[in-house]
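From the two separate chains plus the hints, produce the assembled complex.
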Amino acid sequence: MADLTRRRALKGMLAGSAVTVGLPLLDYFLDGNGEAMAAGAPIPTRFGTWFWGCGINQARWIPDKIGTDYDLKAELVPIGPYKDKVTVLSGFNCILGGRPNLPHWSGVMATFAGAAPLRGGMGSGSTDYPTIDTLVADSIGANSRFRSLEIACTGNPGVSYSMRAGATVNPSEVDPVNLYKRIFGPEFKDPNAAEFKPDPAIMLRQSVLSSIKDDRDALMKTVGASDRARVDQYFTSLRQMEQQLGQMLEKPAPAEACLVAKEPGKPELGPTWEIAVKNHDLLADLAVMALACNQTRVFNIALSNAASNLRRSDSPIAFHELTHEEPIDEKVGYQPKSTFFMEKSMETFATLLKKMDAVKEGNGTLLDHSLVLATSESNYAKIHTIDSLPIMVAGKAGGKWKSGQHLVGKGDPSSRVGLTIQQVLGLSVDSWGSGAMQTSRPISEVIA
Amino acid sequence: MVLRRLALSAGARPNRLGRGWISGAAGVVLAGGIAAGALLGTGPAPTAYAATDAAPVEPATGGGPLSFRRLSESQYKRSIEDIFGATIKVPGRFDPPVREGGLLAIGESKVAVSASGFEQYELRAREISAQVLAEDRRKTSLSCAPRAPTSFDKPCATTFLGHYGRLLFRRPLSAQEMATAIGLAGEATVKSQNFYKGLEIGLARLLASPNFIFRVERSERDPAGGQRLDAYSLATRISFLLWNAAPDAELLDAAASGALRQPGGVERQVDRLIASPRFTQGVRAFFADMFAYDQFDGLSKDQAIYPKFTSQMAKDAQEQALRTTVEHLVTNKGDYRELFTTRNTFINRNLGSLYKVPVDEAAGLDGWVPYTFGPQDGRSGILTLAGFLMLDPTHEGRSSPTIRGKAVRELLLCQPVPLPPPNVDFSAVQNTADQVHKTARDRLMVHQQNPVCAGCHAITDPIGLAMENFDAVGDFRTHENGALIDASGTFEGKAYKDVISLQTLLRDSASTSNCAVQRAYEYGVGRPLTNGEQPWLEFAAMGFAEDRYQFPALMRRIATSKAFQAVGADRIASRE
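Residue numbers (my numbering), protein chains in the order written: chain A, 1 to 448; chain B, 1001 to 1576.
By construction, these hints were calculated from the structure, which means they are not laboratory data. We put the CB at the ideal spot given by N, CA and C, even for glycine. Check each hint, because a few of them may be wrong.
[To be verified] Straight line, CA to CA, 30 Å or less: simulated DSSO-like cross-link-like pairs of lysine-lysine:
1. A:Lys262 with B:Lys1315
2. A:Lys262 with A:Lys344
3. A:Lys189 with B:Lys1089
4. B:Lys1077 with A:Lys213
5. B:Lys1438 with A:Lys266
6. A:Lys402 with A:Lys355
7. B:Lys1089 with A:Lys181
8. B:Lys1089 with A:Lys213
9. A:Lys331 with B:Lys1438
10. A:Lys181 with B:Lys1315
11. A:Lys181 with A:Lys251
12. A:Lys251 with A:Lys360
13. B:Lys1191 with A:Lys189
14. B:Lys1191 with B:Lys1089
15. B:Lys1089 with A:Lys266
16. A:Lys197 with B:Lys1191
17. B:Lys1438 with B:Lys1333
18. A:Lys266 with B:Lys1308
19. B:Lys1497 with B:Lys1562
20. A:Lys337 with B:Lys1308
21. B:Lys1191 with A:Lys213
22. A:Lys278 with B:Lys1308
23. A:Lys278 with A:Lys354
24. B:Lys1562 with A:Lys221
25. B:Lys1333 with A:Lys266
26. B:Lys1191 with A:Lys251
27. B:Lys1077 with A:Lys221
[Claimed, not checked] Residues of chain B placed beyond 10 Å of chain A at every Cβ, according to the derived structure:
28. Tyr1076
29. Ala1275
30. Glu1546
[Stated by the list, open to error] Quick partial rundown of chain B residues pointing at chain A, CB under 7 Å, derived from the structure:
31. Arg1099
32. Glu1122
33. Ile1201
34. Ala1204
35. Ile1305
So that you can see chain B by itself, here it is in the shape it has in the complex (with noise of 0.2 Å):
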């Protein structure tokens, strides 16, 4: 009972009404000094919920939309290897992924595809088609040979359009989908006389669907009352929540045969994809979604002032706290909030220059060790590892306080941070060559001289101040133009030193945790938590905690719960 109360305490109450501190742009002024009270700890005390000795019961949902979800570029590419084999090139640029309510992958269910966006998936689809159907791997692609190579083979046409229709698709083409991708190969194959000229079309044409490439759901009446996702969609979902690809043969056979539906059937099949190897990938996307790991793209540093930072370092360090994550969350099943606070990583030789840290030579280039960081090392929890201190797009030359809070607090603390207001002359903050403000302390401390700024970098600046001990790439330094930088501040109305003392405060702190549930199911459906769903982030709460902390126990109750599943009434398209 002590593990549940602790969820719901203090932080939960921001969490709860996190998205109703900034209702779109409204008020952002305004915004600042409300949610500022609320953050510091400074608001009404939150009441604590009465613990129930009753085992839990699933608090029923209104249910979201069926969604329209593009695939990821890392979706689509999965899609193809694993449906054609690794050897297969993906040519071609993607459309740029666009970050909604925390997410790219809320984003993918608003995006359209852009008549430029659409050129290359057609250019893609003619190239995947031509080498699956290759003369050299002919063989392999067909379970069947035609009659003559020159003429269309019906049977043939119908086997392989129907196999890898159902896998791209994931679900089996309808009768009408079949006839037209027959029709279309038919005629190519007379047109060319060449069957295999005709596959390849026809292939092409499943490949540039829309059916392929955006997650299609349908829904189906709920015998207990109600909508659901229909099997297909549904094994869809648990797929990619699961291991970010498409669902895999066996897994839509369950979906066809209704054993998807059987009581314990969703919970076997969960299991399945948790147990196997590829659970690690779903996590890893997860997590790089998560943390806007996607603003590594073309992320770059200073050269002058930071010699260090090279691409390849942007990769290891993203590459350092994906592991470090999935290692601690999935291989040690760690409790998740000791993300936080561990001391165990993963280290190669090029971010053992960065860490100052001897890395055996025997690693090799590439090659990573584990690592666990000691008293001298300054260093424990994710936000001291480089892949969080260098992940600023926006300032190449320093590092800023402001951006490193605004990321603790949006994508750790599912805590949205309102814009910075218009028409406000920033003038009073200088500039790093100033020589009378010598650390970022100082120069922020400027803003709380404006009350218009006051507000919003309260919330952001005191967390990301505690991060100040290390520079823009992730090296440590104890002082900025030679004044001693003070890392000290409050959170939740806590006292920190530093941030190690931070991230204790943020491991407990039901923010923290609950933010990992919000942001796993918001993932898992492609869209954010709605109102009627506050009730049910509760309950996965206190679940997580009975779970203490686990996350694939986590991934588990979203994957098998009726929330997940759930179709709101008005949300069905309307049948004119």
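This is chain A alone, in the form it adopts within the complex (with noise of 0.2 Å):
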């Protein structure tokens, strides 16, 4: 009842307007789409992803306990505050069954996508399979105002692990500015404003929309087979925006967490670790904001690449070439100055987790209420391994995901991480993966 009230309550204001409600607009109003955003309404869970590049030294990240309470090595000492909402997984492979290991991207896509992909590497590539961000986005993200966010922070858009079937990625923000725009432009409605006025504007938008479906029919008649997909993605992504649209003819339901976020100065983009991490940050704040006022329920973080070209502002060699060509010092047994880049990419990641956490909603924080998986391509980039790829799972899905614990997979594919999350997050799957990678064993240990 609650939204045929609101629906009437709409009409009248627009019927004093220039612009009388079409048809498209009451399909919207219709749906109760917005019964799970309304006040008193339980919490929504949020998924992300954050990727960081040319993976760890093994030794000094993977605990030597299993199980709850678990040691903290070296380089996983940035998390400890967070320790008891973080998941950490060991021995979960890329498992290639025959498919190429194809350097720094094999690893990526059997974590993201279920699947070692045939074609790719140095970091990019195709996989065959959608990446779990999109799989989860369809299921909880359809009605919110992005579907998902995509961020990278070195200054290359088209560092992203965010990928539909091909070669196609979903292109990340890089300069905080522009993501200010996208999310607090003139197109953002605060929840918590008390006056709501729908424009009229959205609904001729919508009505373009609209009609431009009416090319479909025609345009997969003339194309070849192999592009009927490529034809079907254009018309998913062109209703991905009428929803979007949708959302910005409703009132959105109050967010008590929302605060907006002003916007950034013109920052300095590039591949250098100060420039990147000044831009995590800035780029982690307003994509927090973004999910704490209800605009996405999902994002993708990519800290770098995957053969991370990522440098020390004094130094001309990137870490991925470090990997590769850094001797090991036999003192302390690994390579210095590319472990620097491992142990300062946890320390990264826990400021994220530190921004999550730091967002209060109901009897818990943001951090709760999400599932964050974090990755990296390989175990040692130096010799590109795949196996016991490092996985971290960050938060409680709202209380039902069993965080704190450090569990071992004894060689099972990584993509069982994958299949726990979508099973945890509501989405009626009950195996996933291809190939040597397919699985239908979720990780019992987490699921509350």
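Written out as structure tokens, the structure reads:
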């Protein structure tokens, strides 16, 4: 009934403007999408991925102790304050099953898409299957203003590990100013604002999109069989935009933790460590506030590409090159310069956790109401190993995920992590992955 | 006949087999060894084709699929400029391009529109349309006026949307498309009580349509048998190949009237396009793609080591190489192969500081002046231009012979190089500060001790090491870490002493000219060459030789060929 009342009220308001309500608008107001967002409703669960390139030193990262209260090795120390909200997963592999080990690529898609890819390498390539964030977004993100937000910190929008099938990435926002404008620009409706007036121009935009759908049938008949999926992708994207516009016509549910962020100053962009981390902080602040303000429920952050081109501002050699070329310091038993990036990557991840944990929602925090899958494409990048990929899942999914454990996969495919996440987030899926990565065994230890 | 033999000797073989070396990723490690043999000229001796005296006839091809290609960012912007005028602002971010089979043009046949990418197309459509229908522009945008500005004038709307629809879709709107657009414009006029707002909405709809954003090809029955592109799709392929732009009104008219399909019709249009000043921009776009100049976006170098490098210098380096190429190939109708040996280039003051060449103050900071390298410069040919030497986005602090060699193999010789294998310990490869291995050659020697690495590095490194006399931004040097640089090596079994003599070998190698033919064709059709097209490639390579390797003639040959418009029978969309 609440919806009906709101619809009547809106109709009344619109009648006063120059625009009459068209059918598409009615559809949106009748489908009950707003219910979950209404005041008093449960706090939504969010999902994110966080990617860093070039792996870890496993002796300095993987805890010895299995189960709860795991030990923190040197490289994992930064996550200490959030240890009981972080699940560390080791021993989960990228299993090739006869497919090639594409350096800095197979490991990415094993965990994110549940399949060893056939083409690619050096941090990019194609995938035969969609990445987990798109699957989750289709399920929990369909009714938010942005189905998902992609973010990268080194200035290159092509750095993104969010993909539907094919070679096209969902490109990343790299500039905090642009991301700010996209989320909090003129089209942003403050969920806590007292007044709400739908913008008639939005309805005209909807009618444009609705009209373009008439092109679909003729196009599908014209293009070759292999291109039909690409036509479909175009119209899927168009429908997402329609839904986004539909959201903008509804009065948003209040969001207690929503604080509209300030516009950041014009940043410097580039692949040095110092700049990337600065941008990570700015971009992550915006992403966290987009989550708190119900603008999206899914995000992807890539600190760097998989063959990480991050370098320190006073050094000419990038992280990726270092992993291959820097000699191992016999005294300490690892490559010191490469290890700088590994340790700092974990520190940077911890800053995201800090930001998420600082947002209070209901009886917990935004982090408690989220799952963040953090991983890298290699275990030991120096020799491109893809056994025991470093994986963490932060958050509790609103209590559905038992966090704070170190669990060991004993050589199982890393797709088990993705399957578990999907099930915990309520997706109806009993098996995930393809080929040797296919699995129907969730990690039961984390399911509450 | 000598020319003909040349074109099909030695290098033709690797080229023919080029894509067979590394089929997908399977057997990457093995491929290294095999490819190394083939590339280093140690494989079986290639056979030359017996030349015949009969005039060559274009061999039939199986035809390729109809393509569905996204407009590149530059093609989108140029379309808007051509159709609505240069003062229209095109806002927003474009999805990143994807390189496939050596070309972004092939990648455009593979990419899809992401959700955030669509957001940007929608934004652009609205903002462009609003500018076109802005009060101060209406008079120029419209050839008619409505009876009243507050009510819908169907004939005027039909004229407006029909005119721009044909230019945007590169064919007339179908009756249904027109009805949809008119219906929407009418509805929006009623809602807004504003005819121009109605047109704005109607135009935005065309601008956000996949029929504009993508080049949608259609086929028709070829009277000579099989299938071919329909006239509008052919006009579009020709126009994007030669101008990197959508067909103009005259070309669309030729497609509409059937003139394009009359004997000599295609040739007439192709000759018109090649004679136009816009042909230069088409050739420039092709080489920007073939040279992988998209990598200049965001290119940076370590400021502490290369204080001369600035983003303006990167821009100038790119401009210099493209200017040099276009001047040589189009203005001077030069031999394509001599791009590798020409001493003629252009220079401005900014580059003058890098090349240590005084440039006349009168040229101004952005002014370009022709320049001929002398013996003191140590440069000739495109491989010695900064636009080639600094183009390495993976190393900011030094030159990489491997990356440079890989670029020559893949971009200029059409010879794909396998990816590095997994599970190999690189610890033997030391860093630049290493006092034992002072030069890149010393450091890379280590690869040769590892048989898994040696195969592929033997393909890339010798070529790259020839360029070691130039640092990562293209500055000339004779020493690295105090040790004399040795730039010698062998290519296709022939020795060279430095990059200049290497380029002489490249000039004389059939791999070089064949690659240009292959890439230009693939660029035009938007897909990799198919097996059925190999005989055609050989035919076209022969033609290129007969045309004395003149690039405009090659473009003409491609644009007027049957292969260019043939559509494979099994590639037609089934009409269920």
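Consistency of the hints with the structure:
{"no.": "1", "hint": "A:Lys262 with B:Lys1315", "result": "violated (34 Å)"}
{"no.": "2", "hint": "A:Lys262 with A:Lys344", "result": "holds (27 Å)"}
{"no.": "3", "hint": "A:Lys189 with B:Lys1089", "result": "holds (27 Å)"}
{"no.": "4", "hint": "B:Lys1077 with A:Lys213", "result": "holds (24 Å)"}
{"no.": "5", "hint": "B:Lys1438 with A:Lys266", "result": "violated (41 Å)"}
{"no.": "6", "hint": "A:Lys402 with A:Lys355", "result": "holds (21 Å)"}
{"no.": "7", "hint": "B:Lys1089 with A:Lys181", "result": "holds (19 Å)"}
{"no.": "8", "hint": "B:Lys1089 with A:Lys213", "result": "holds (27 Å)"}
{"no.": "9", "hint": "A:Lys331 with B:Lys1438", "result": "holds (25 Å)"}
{"no.": "10", "hint": "A:Lys181 with B:Lys1315", "result": "holds (29 Å)"}
{"no.": "11", "hint": "A:Lys181 with A:Lys251", "result": "holds (20 Å)"}
{"no.": "12", "hint": "A:Lys251 with A:Lys360", "result": "holds (23 Å)"}
{"no.": "13", "hint": "B:Lys1191 with A:Lys189", "result": "holds (24 Å)"}
{"no.": "14", "hint": "B:Lys1191 with B:Lys1089", "result": "holds (27 Å)"}
{"no.": "15", "hint": "B:Lys1089 with A:Lys266", "result": "holds (22 Å)"}
{"no.": "16", "hint": "A:Lys197 with B:Lys1191", "result": "holds (18 Å)"}
{"no.": "17", "hint": "B:Lys1438 with B:Lys1333", "result": "violated (44 Å)"}
{"no.": "18", "hint": "A:Lys266 with B:Lys1308", "result": "holds (25 Å)"}
{"no.": "19", "hint": "B:Lys1497 with B:Lys1562", "result": "violated (44 Å)"}
{"no.": "20", "hint": "A:Lys337 with B:Lys1308", "result": "holds (27 Å)"}
{"no.": "21", "hint": "B:Lys1191 with A:Lys213", "result": "holds (21 Å)"}
{"no.": "22", "hint": "A:Lys278 with B:Lys1308", "result": "holds (26 Å)"}
{"no.": "23", "hint": "A:Lys278 with A:Lys354", "result": "holds (15 Å)"}
{"no.": "24", "hint": "B:Lys1562 with A:Lys221", "result": "holds (25 Å)"}
{"no.": "25", "hint": "B:Lys1333 with A:Lys266", "result": "violated (47 Å)"}
{"no.": "26", "hint": "B:Lys1191 with A:Lys251", "result": "holds (23 Å)"}
{"no.": "27", "hint": "B:Lys1077 with A:Lys221", "result": "holds (28 Å)"}
{"no.": "28", "hint": "Tyr1076", "result": "holds (15 Å)"}
{"no.": "29", "hint": "Ala1275", "result": "holds (33 Å)"}
{"no.": "30", "hint": "Glu1546", "result": "holds (34 Å)"}
{"no.": "31", "hint": "Arg1099", "result": "violated (10 Å)"}
{"no.": "32", "hint": "Glu1122", "result": "holds (6 Å)"}
{"no.": "33", "hint": "Ile1201", "result": "holds (6 Å)"}
{"no.": "34", "hint": "Ala1204", "result": "holds (5 Å)"}
{"no.": "35", "hint": "Ile1305", "result": "holds (6 Å)"}
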